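Protein chains in written order, with my numbering: chain A, 777 to 1115; chain B, 75 to 403.
Everything labelled a hint here was simulated from the structure, so no lab data went into it. Computed from a prediction, not measured in an experiment: that's the story for all the values here. One should not assume that every hint holds.
What the hints assert, rightly or not - What the simulated footprint calls covered on chain A by chain B, stretch by stretch (three residues with Cβ under 8 Å from a Cβ of chain B suffice, anywhere in the stretch; the number is not a length):
#1 966–973
#2 1019–1033
Stated by the list, open to error - Straight-line C-alpha distance at most 25 Å; calculated DMTMM-like pairs for lysine to aspartate or glutamate:
#3 A:LYS1045 / B:ASP302
#4 B:LYS89 / B:GLU378
#5 A:LYS1048 / B:GLU278
#6 B:LYS89 / B:GLU108
#7 A:LYS952 / B:GLU303
#8 B:LYS225 / A:GLU1016
#9 A:LYS1048 / B:ASP154
#10 A:LYS1048 / B:GLU319
#11 B:LYS344 / A:ASP1018
#12 B:LYS225 / B:ASP154
#13 A:LYS1048 / B:GLU378
#14 B:LYS344 / A:GLU843
#15 A:LYS1045 / B:GLU278
#16 A:LYS806 / A:ASP983
#17 A:LYS1045 / B:GLU378
#18 B:LYS344 / A:GLU1016
#19 A:LYS1048 / B:GLU303
#20 A:LYS1045 / B:GLU108
#21 A:LYS788 / A:GLU843
#22 A:LYS1048 / B:GLU108
#23 A:LYS1045 / B:ASP154
What the hints assert, rightly or not - Restraint-style ranges between C-beta atoms, simulated for each label pair:
#24 A:LYS1103 / B:GLU147: 54 to 62 Å
#25 A:SER1058 / B:PRO383: 54 to 62 Å
#26 B:GLU380 / A:GLU914: 50 to 58 Å
#27 A:ASP917 / B:SER159: 46 to 54 Å
#28 B:GLU378 / A:GLU914: 39 to 47 Å
#29 B:GLY352 / A:MET886: 19 to 27 Å
#30 B:PRO137 / A:VAL1081: 52 to 60 Å
#31 B:MET179 / A:GLU894: 32 to 40 Å
#32 B:LYS200 / A:ARG1049: 56 to 64 Å
#33 B:PRO140 / A:SER812: 25 to 33 Å
#34 A:SER1058 / B:LYS344: 55 to 63 Å
#35 B:THR138 / A:PRO1064: 53 to 61 Å
#36 A:ARG1049 / B:LYS344: 48 to 56 Å
Backbone N, C-alpha and C fix where the C-beta goes; we use that ideal spot for every residue, glycine too.
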Amino acid sequence: MSSPLLEVRGLKTHFSVAGETFFDPKRTVKAVDGISFSIEKGDTFGLIGESGCGKTTLGRTILALEERTEGDAIFEGRSIFALSKRELRGMRRNVQVIFQDPFSSLDPRMTVRQILEEPFEIHGILPSPRGRRERILELMDVVGLPAAHLERYPHQFSGGQRQRIGIARALALNPKLIVCDEPVSALDVSIQAQILNLLQDLQRDFDLTYLFIAHDFSVVRHLCNKVAVMYLGRIVELGETDALFENPQHPYTEALLSAVPVPDPSIEKRRKRILLTGDVPSPLNPPPGCPFHPRCRYAQDSCRVETPALNEVRDAHFAACPVLPFKDAPSAAALIEAE
Amino acid sequence: MSDASAPILSVRGLKTEFRTEDYTVRAVDGLSYELFRGETVAIVGESGSGKSVHALSIMGLLPTPPAKVIGGEILFDGVDLLKSSAESVRRLRGDRIAMIFQEPMTSLNPVMRIGEQIAEAVKLHKGLSDEQARERASSLLQKAGIPDAEKRLNDYPHQFSGGMRQRVMIAMALSCDPDILIADEPTTALDVTIQAQILELMRELQREFQMALVLITHNIGVVAEMADEVVVMYAGRAVEHAPAEELFRNPQHPYTRSLLASVPSIYTRKDRLASIPGQPPDLALGIVGCPFAPRCGEKIERCESEDAPLVALSASHSARCWLIEGEGK
């Protein structure tokens, strides 16, 4: 098998924050705390978790926008943390990002043309005005923006169209990997479907690989072929999408899946729900042992002491839980009572 | 008390406009539905469909000018709120009709302790003493599932997490035992596990107090989970109205059908989502014909010139589309 496009090994990103009062010692937020996974070419790798789980920080660290504390991220065989400034710039041609909020990620004083020209200027590509203009019109066509809108400003577009501008900008330099950080969560349902379809088309047409960061399970199920579930800075479950959704092996995944409302009242009425109590603990003060144990319905004494490692519990299916994978537990799908 | 078999809220032909010198926007254009005790009506639509403006019209919270309710009736327990004095509407608001919003942080006073904020409402509407009001606030927080309720009365809003803040809002909304709770995207800003908690809480409170719920949302999953009745709004109009199961099983309006088909589900995997091309119309530009026609895959000539009437398919199911042949009309 060829080597993965991106490999993340034991990555940690810690932030130090001031203590509660002036005299308290500094404290550490372990936003990303020992994460490993790899993305093969052509994958759509879903990274899912609730707010504060560290998924966005992980994405930013891989883009070298945050400083890592430990571990490594290897893109096309080279550690991104070992690159020189110039090499990093080269890497950034190949790794692009699409942000959640199409309102704040576009400069309001730049026209679409200027926004799409910028990547070429920064990287000194396509110096001829004619070539550049052709490429920009091609990009607009690819993402479904009318060429007549070339000289318009972002505020003249709707949210969905703005997200198309963001996608065109990410595509400009023919990247290999695109990090999509919640690209559809700010959009209306009917527009969300347009953008998801567009991302699928682009992947097929341009051989793209996606790291897709999201909190919406239905969107991840639809789009991704592999999924990692994060909780308090760690991956608690990792596997092929269908296996993970149909037979979750970590209690947190199981609870999350049962909490997602399903757009079908006949399923909703028959569904058993696992209600998690309480909030996600503060990453400043995570619980000892397994970080999920205070909310876990399977927790045993050992869970309060030992932090479980991510182990392969089924074929290519990893979970950081010493209990659930070894139980004859009903899967979340089976939580729908039989008719 | 009033007749229990009569609707507690009945909205009839509600029309709300925003007028400025340059343009007029008909944000709500002839919306009608009935809400009974203990029942949940979901108002579904995308941004700009008029679902929130309709709620603010009921609550009398729209700034006039530019907004103005220009037609229709809002009957609360048989009394038309639009014809009542400002003073009597103010008394109902917060007392018998309460509302919660999407982002609890913006609806809470950041420099006032939670306990005082809740107590303020009960003192005002129920005439309780400081001591009684504080006790009531504490029991409400407890009911809303906030641990250490007594202690947390002294906390400020920023000391609560998003989910906890929404619980505080719910506690505050319930402080006067309202007959109706209007919840505008109450869980949109929350994570799924917290959303599940809040929805469960609302259902429990509904069972306990026979409270009626108007749930405004764009989340089709939440509708499937919570609603008895569903009104689908598009460009200010109700395009379809049906009991929830009927709507999901047998959607009639092309917009409803595409909307349901465009949502991914965790249980089934489709190769491709059905997406609706284009985007909702700009209401300031004025609309001729059916507002959905430009995006509709099934439109006929008539759709572009004339808006369809709401046609009854059965006693409980109606839709606004020329392609539908209903009973009568």
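Do the hints match the structure? See the list:
1. Counting residues of the segment 966–973 of chain A whose C-beta sits closer than 8 Å to any C-beta of chain B gives 7, which meets the bar of three, so the coverage hint holds.
2. Check result for the segment 1019–1033 of chain A against chain B: holds, 4 residues qualifying (beta carbon to beta carbon below 8 Å, three or more required).
3. Restraint check: the Cα-Cα separation between A:LYS1045 and B:ASP302 comes to about 12 Å, which is no more than 25 Å; the hinted pair holds.
4. Between B:LYS89 and B:GLU378 the alpha-carbon distance is near 22 Å, which keeps this suggested pair within the 25 Å criterion.
5. For the hint pairing A:LYS1048 with B:GLU278, the CA-to-CA distance comes to about 16 Å; that is within 25 Å, so the pair holds.
6. Restraint check: the Cα-Cα separation between B:LYS89 and B:GLU108 comes to about 16 Å, which is no more than 25 Å; the hinted pair holds.
7. As the CA atoms of A:LYS952 and B:GLU303 are separated by approximately 47 Å, the hinted pair breaks the 25 Å bound.
8. Between B:LYS225 and A:GLU1016 the CA atoms are separated by roughly 46 Å; this puts the pair beyond 25 Å, and the hint is violated.
9. Taking the CA atoms of A:LYS1048 and B:ASP154, the gap is about 42 Å. The hint is violated against a cut of 25 Å.
10. Taking the CA atoms of A:LYS1048 and B:GLU319, the gap is near 19 Å; set against the 25 Å cutoff, the hint holds.
11. For the proposed pair B:LYS344 and A:ASP1018, the alpha carbon gap of about 12 Å is at most 25 Å, so the pair holds.
12. Of the pairs offered as hints, the one joining B:LYS225 and B:ASP154 is violated, with about 42 Å between alpha carbons and a cut-off of 25 Å exceeded.
13. Proposed proximity of A:LYS1048 and B:GLU378 is contradicted: the alpha carbons are some 46 Å apart, above 25 Å.
14. Of the supplied pair hints, the one linking B:LYS344 and A:GLU843 is violated, its CA atoms being roughly 39 Å apart against a limit of 25 Å.
15. With a C-alpha separation of about 16 Å, the suggested pairing of A:LYS1045 with B:GLU278 holds against the 25 Å cut-off.
16. Distance hint between A:LYS806 and A:ASP983 is unfulfilled; the C-alpha atoms sit about 34 Å from each other, more than 25 Å.
17. Using a Cα cut-off of 25 Å, the hinted pair A:LYS1045 and B:GLU378 is violated, with the two alpha carbons roughly 40 Å apart.
18. Distance check on the hinted pair: B:LYS344 and A:GLU1016 sit about 16 Å apart at the alpha-carbon level, within 25 Å; holds.
19. With a CA separation close to 22 Å, the supplied pair A:LYS1048 and B:GLU303 stays within the 25 Å bound.
20. Between A:LYS1045 and B:GLU108 the alpha-carbon distance is near 24 Å, which keeps this suggested pair within the 25 Å criterion.
21. With a CA separation close to 9 Å, the supplied pair A:LYS788 and A:GLU843 stays within the 25 Å bound.
22. Simply put, A:LYS1048 and B:GLU108 have alpha-carbon atoms about 30 Å apart, too far for the 25 Å limit, and the pair is violated.
23. Proximity of A:LYS1045 to B:ASP154 is assessed by CA-CA distance (about 36 Å); at most 25 Å being required, the pair is judged violated.
24. In this structure, A:LYS1103 and B:GLU147 meet the distance hint of 54 to 62 Å, their C-beta atoms being roughly 58 Å apart.
25. Distance hint for A:SER1058 and B:PRO383: a CB-CB separation of about 55 Å, consistent with the stated range 54 to 62 Å.
26. Evaluation of the 50 to 58 Å hint for B:GLU380 and A:GLU914 yields a failure: the beta carbon distance comes to about 41 Å.
27. The supplied range of 46 to 54 Å is broken by A:ASP917 and B:SER159, whose beta-carbon atoms lie about 59 Å from each other.
28. Range check, B:GLU378 to A:GLU914: Cβ separation about 33 Å, and the 39 to 47 Å hint is violated.
29. Separation of B:GLY352 from A:MET886 is about 25 Å and conforms to the stated range, judged on CB atoms against 19 to 27 Å.
30. Range check, B:PRO137 to A:VAL1081: Cβ separation about 58 Å, and the 52 to 60 Å hint holds.
31. At about 35 Å, the beta-carbon gap between B:MET179 and A:GLU894 stays in the expected band of 32 to 40 Å.
32. Taking 56 to 64 Å as the suggested C-beta distance range, the pair B:LYS200 and A:ARG1049 does not conform, at roughly 35 Å.
33. Separation of B:PRO140 from A:SER812 is about 56 Å and departs from the stated range, judged on CB atoms against 25 to 33 Å.
34. Between A:SER1058 and B:LYS344 the C-beta distance comes to about 39 Å, which lies outside the given range of 55 to 63 Å.
35. For B:THR138 paired with A:PRO1064, a C-beta distance near 57 Å keeps the hint of 53 to 61 Å intact.
36. Separation of A:ARG1049 from B:LYS344 is about 24 Å and departs from the stated range, judged on CB atoms against 48 to 56 Å.
In the structure shown, a violation is registered for the earlier hints numbered 7, 8, 9, 12, 13, 14, 16, 17, 22, 23, 26, 27, 28, 32, 33, 34, 36, in ascending order.
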